[in-house]
Amino acid sequence: MTKQTWRLGVSVFYFWTVLAPWPTAGDEFPRPLQRGVVSTFSIVACDLKNRQWGVATQSRVLAVGSIVPFAQAEVGAVATQSWANTSFGPQGLKMLNAGHTARETLDELLQRDEGRDQRQVAIVDRLGRVAHFTGEECLDWAGARTGENFCCLGNILTGEEVVEAMAGTFQKTVGPLADKMMSAMAAGQAAGGDRRGRQSAALLIVQEMAGYSGFDDRYIDLRVDDHPRPIEELGRLLKLRFPGNPAK
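Take the sequence shown: its position 9, counting from 1, is numbered 9 in the numbering used here, and each next residue is one higher.
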């Protein structure tokens, strides 16, 4: 390699990593180098009576709680998975906060994403309306089931019975949103779950001023990053979060 060629290579690298402009809100999302698929099953849901919105998720990846769930009190919740575009979380909440419906938000996110066929997304908005999408390139079995104020979705599952069990359990379980979501997740695992196995889980529920000492909205934010039985471990943490008293 000549000195001139080396200098040219350094200049090109510097331009694309430092000087090249990042896309603005109206641009398409860039299509980055692919990372591992977030094979998982999740539920997005809300409790309009108690003004709670949340996401519960389990996956065969490390620390799924750092990838899939996003929620904002009085705005909504987003789950982004498969070959996840994590920008869907903050961008989706921003659109919901601006008054877009779940469907309008999802359509806009997908329109701007070149990798949409690899995405799996579910959104619940401030009024409990849900929207979901499973791209054609998501690995089987992949799909979703919806009901009033909730959506269960997953990819690389043992079959559709996973989301059917989740939906049925969520609908028939009586109690706080956290209990309903955890029951749904346990039912999904019992029905077969992720066909690659299990490793991590998370539960995120937001409620206005219900976080630590009333300073924020993160009512429940629990994660199990690496465990052979992540849903069971998440349930144990939830009991520690509310010792002697169930989540309301």
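If you are wondering where the hints come from, they were derived from the structure by calculation, not from laboratory data. Among these hints, one or two may not hold up.
To be verified - Derived pair list, reagent style DSBU-like, types lysine-lysine, alpha-carbon separation capped at 30 Å:
hint: 1; residue 1: K172; residue 2: K239
hint: 2; residue 1: K49; residue 2: K172
hint: 3; residue 1: K239; residue 2: K49
hint: 4; residue 1: K49; residue 2: K94
No experiment lies behind these values; they were computed from the predicted model shown.
Problem - Restraint check for K239 with K49, where alpha carbons must lie at most 30 Å apart - result: holds (23 Å)
Practice task
Sort out whether K94 lies within 30 Å of K49, counting only the CA atoms.
Solution key: Distance ~23 Å between K49 and K94 Cα, so the pair holds.
Handout entry: Restraint check for K172 with K239, where alpha carbons must lie at most 30 Å apart
Key = holds (21 Å)
Handout entry: Given hint K172 paired with K49 - CA-CA distance at most 30 Å
Key = holds (17 Å)
The structure is consistent with each of the numbered hints, conforming to all of them.
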